[in-house]
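Order-wise, the sequence lines are chains G and Y.
Residue numbers for the first sequence follow our numbering, beginning at 1 and rising by one.
Residue numbers for the second sequence follow our numbering, beginning at 1 and rising by one.
No lab work stands behind these hints: they were computed from the structure.
Remember, it's a predicted structure, so these values are computed and weren't measured experimentally.
Warning: the hint list may mix true and false statements.
[What the hints assert, rightly or not] Pulled a few chain G residues facing chain Y out of the computed Cβ check, cut under 8 Å:
1) K90
2) L93
3) N104
4) F108
5) V117
6) V118
7) Y139
8) K152
9) S154
10) D177
11) F216
[Stated by the list, open to error] FRET-style restraints, in silico, Cβ to Cβ:
12) Y:E342 <-> G:R82: 49 to 59 Å
13) Y:E342 <-> G:T25: 51 to 61 Å
14) G:H15 <-> Y:G305: 52 to 62 Å
15) G:T25 <-> Y:H10: 36 to 46 Å
16) Y:D343 <-> G:H19: 38 to 48 Å
[Unchecked claim] Calculated Cβ distances over 12 Å to all of chain G for the following chain Y residues:
17) L3
18) G21
19) I247
20) P371
C-beta: ideal position from N, C-alpha, C; glycine also.
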Amino acid sequence: MQAAAGNRPLVRVAHVSKHFGAGETRVDALRDVSLEVQPGQVVALLGPSGSGKTTLLNVIGCITEPSSGRLELDGEAVYDGRWLRGDLRKLRLEKIGFIFQFHNLLPFLSSTDNVAVVLSLAGLGTAAARRRAVELLDYLEVGHRRDAMPAKLSGGEAQRVAIARALANRPRIILADEPTAALDSERARIVMDLLRKLATEQQAAILAVTHDEKIFDRFDHIFHLRDGRLDNQEP
Amino acid sequence: MNLAYRDVRHNLGRFLLTCFGLSLLLGVVLSMIGIYRGLVEDALTLVRTPAVDVWVVESGTRGPFAEASRIPGDTREAIARLTGVTEAGSVTYQSVETLLMGTKLRLYVVGYEPGRPGGPDRITAGRPIGRSHYEMVADRRSGLALGDRLPLGRNTFTVVGLTDGQVSSGGDPVVYLTLLDSQKLQFELAPPAARRELARGGGQGGTDTINAVVARLSPNASPENAANATRRWKHLSAMTQDGQETILTRSVVERARKQIGLFTTLLLIVSAVIIALILYTMTMDKIREIATLKLIGAADRTIIGLILQQALAMGAIGFGFGALLITTVKDYFPRRVVLQPEDGLALGAAVLVLCVLSSALGVRLALRVDPANALGG
Chain G
1 MQAAAGNRPL VRVAHVSKHF GAGETRVDAL RDVSLEVQPG QVVALLGPSG
51 SGKTTLLNVI GCITEPSSGR LELDGEAVYD GRWLRGDLRK LRLEKIGFIF
101 QFHNLLPFLS STDNVAVVLS LAGLGTAAAR RRAVELLDYL EVGHRRDAMP
151 AKLSGGEAQR VAIARALANR PRIILADEPT AALDSERARI VMDLLRKLAT
201 EQQAAILAVT HDEKIFDRFD HIFHLRDGRL DNQEP
Chain Y
1 MNLAYRDVRH NLGRFLLTCF GLSLLLGVVL SMIGIYRGLV EDALTLVRTP
51 AVDVWVVESG TRGPFAEASR IPGDTREAIA RLTGVTEAGS VTYQSVETLL
101 MGTKLRLYVV GYEPGRPGGP DRITAGRPIG RSHYEMVADR RSGLALGDRL
151 PLGRNTFTVV GLTDGQVSSG GDPVVYLTLL DSQKLQFELA PPAARRELAR
201 GGGQGGTDTI NAVVARLSPN ASPENAANAT RRWKHLSAMT QDGQETILTR
251 SVVERARKQI GLFTTLLLIV SAVIIALILY TMTMDKIREI ATLKLIGAAD
301 RTIIGLILQQ ALAMGAIGFG FGALLITTVK DYFPRRVVLQ PEDGLALGAA
351 VLVLCVLSSA LGVRLALRVD PANALGG
């Protein structure tokens, strides 16, 4: 396991709190959470259901604004009053890659187009986007399924296409929500090895929410969340 | 990359089926407009066929189509002598019902003087009436053929000529008789009624009554002046060709026009609601995909474009199918359906506007989708 300690953290969460509702219906989803993820690190976010994992992922993914605290992505402070909805969208497009539990591939696009769509959204021409998409699919060893529709892909293939999509714009931060939950042990290990490879080769920060004990040993750090608080940080 | 096209291609069967359903609805809307146009066209056909400038009818009436009108048979001679009048003809109009091979047949009988205004403008088969009695020219819509013999009143008539597209405002096919025959048909009493009249000392009564006189004017003569000159006879009234057409379109078919107009409006509203519901459902089916698109950084305009393009495609395909369908089957309608290009274009534009407005519901739903929906199981 390796961590690029000493570098500027790609993800820095400082004293972030998030509550929903008010008065008697107020729910404190996150309470004074602080964590950092360095370039090249693969970290896990662990906790029981309702502990605030998804809320923290949403905050780091620029989907949910924290009630208080500070968030920095790649050295840039987010939610400091300057950010409009469109800016956050652009930030997500350029700096963050998302990997989902059920791959969330668009069912009406082929594997190649599912990857190329992200590049198109970023303004790349269709031909160039498709070329880069094919390169990524080849890199993730799923190039032979480039023309297949998502419904025709196996779980492992679909997840690798989803990872290719997450990497399309060369993001520095990758957020993964239960990336191996729908996969068997063998494929889960392959996906985790892949994420490790990406973190190392592209100096990306990978933060994964998981319950999958089979892959705990694949993380540099595991953050435990309980009732919205970060318990401890263990290697 | 066109996401709308890719999504449609992925669910092509369902999309086309939806378009087909919409096309049936829009086809009905188009046919209603066509029926209305046909109604006006039918009403005007009869009044335009004589190609005259002035209509002379009974005083105080707006005959002979909107109201009953009876004037003496010798009125034509008086009208023919007016300054500017080049030709005048006496005419009668009446609806009759008879039997043709055991089937009820409704006809609109026009009596005219052969060689004078008031007769058919174009014979498409056979010849014009050549004898004083018992010959008729019939419209093809009546189902009559050349040589057919048809009983009308107490006489039987032979079809010697055929016309096309000559129907009354009520849709009944027109048949032309000589004025003498039509006067007998309209005004001659049945024998029992005649005997009763004789018994009460009323005499048999004459049949030299007509419904109107139609007059053509020289190119330099003013129809208004001719009408004003006619009105000096206190028992007569007159109106110009334009006035007669206005009466027909604004009075005779007015209720039908409003009825069809209202029904068409209701159908358009129903179409709008259905389009809105279809688009809403299509958007609901894509909530997760929309959330994913938003999460990976798609702009609102990309999402709006996806919905709007599908809405417009659905409207265009639905309208195209509908127009094709109605164009194909319009001749099988019992009444004339007139499809005018400008009506089609106007409806097409209205459908596209409706699609844009109807997609607002789906767009609103899509814009409210939280990208966080893409996360989690």
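> Does the Cβ-Cβ separation between D343 of chain Y and H19 of chain G fall within 38 to 48 Å?
Replying inline: 60 Å, violated
Query raised in the report: Would the hint on K152 of chain G stand, with a C-beta cut-off of 8 Å toward chain Y?
Result: Constraint on K152 of chain G not satisfied, violated at 12 Å.
- Minimum Cβ distance from K90 of chain G to chain Y below 8 Å? 7 Å, holds
- Is the Cβ of P371 of chain Y more than 12 Å away from each Cβ in chain G? For P371 of chain Y, whose nearest Cβ neighbour in chain G is about 5 Å away, the distance does not exceed 12 Å, so it is violated.
query: Per the CB criterion, is N104 of chain G less than 8 Å away from chain Y?
result: Where the cut-off is 8 Å and the nearest Cβ of chain Y is about 5 Å from N104 of chain G, the hint holds.
Review point. Does the Cβ-Cβ separation between H15 of chain G and G305 of chain Y fall within 52 to 62 Å?
Key: 40 Å, violated
Closest CB-CB distance from I247 of chain Y to chain G, is it above 12 Å?
59 Å, holds
Double-check S154 of chain G for me: the hint is only fine if its C-beta lies closer than 8 Å to a C-beta in chain Y.
19 Å, violated
Open item on the list: Less than 8 Å between beta-carbons is the criterion; does L93 of chain G satisfy it with respect to chain Y?
Closed with: The hint holds - L93 of chain G has a Cβ within 8 Å of chain Y, the shortest such distance being about 3 Å.
> Does the nearest C-beta of chain Y fall within a distance shorter than 8 Å of the C-beta of D177 of chain G?
Replying inline: Since the shortest Cβ distance to chain Y is 5 Å, the answer is holds.
Would the hint on V117 of chain G be counted as holding, given a Cβ-Cβ threshold of 8 Å to chain Y? Holds - the Cβ of V117 of chain G comes within 8 Å of chain Y, reaching about 6 Å at its closest.
Does F216 of chain G meet its interface restraint, that is, does its C-beta lie within less than 8 Å of any C-beta in chain Y?
Interface hint status for F216 of chain G: violated (20 Å vs cutoff 8 Å).
Hint violations for this structure: numbers 7, 8, 9, 11, 14, 16, 17 and 20, all remaining hints satisfied.
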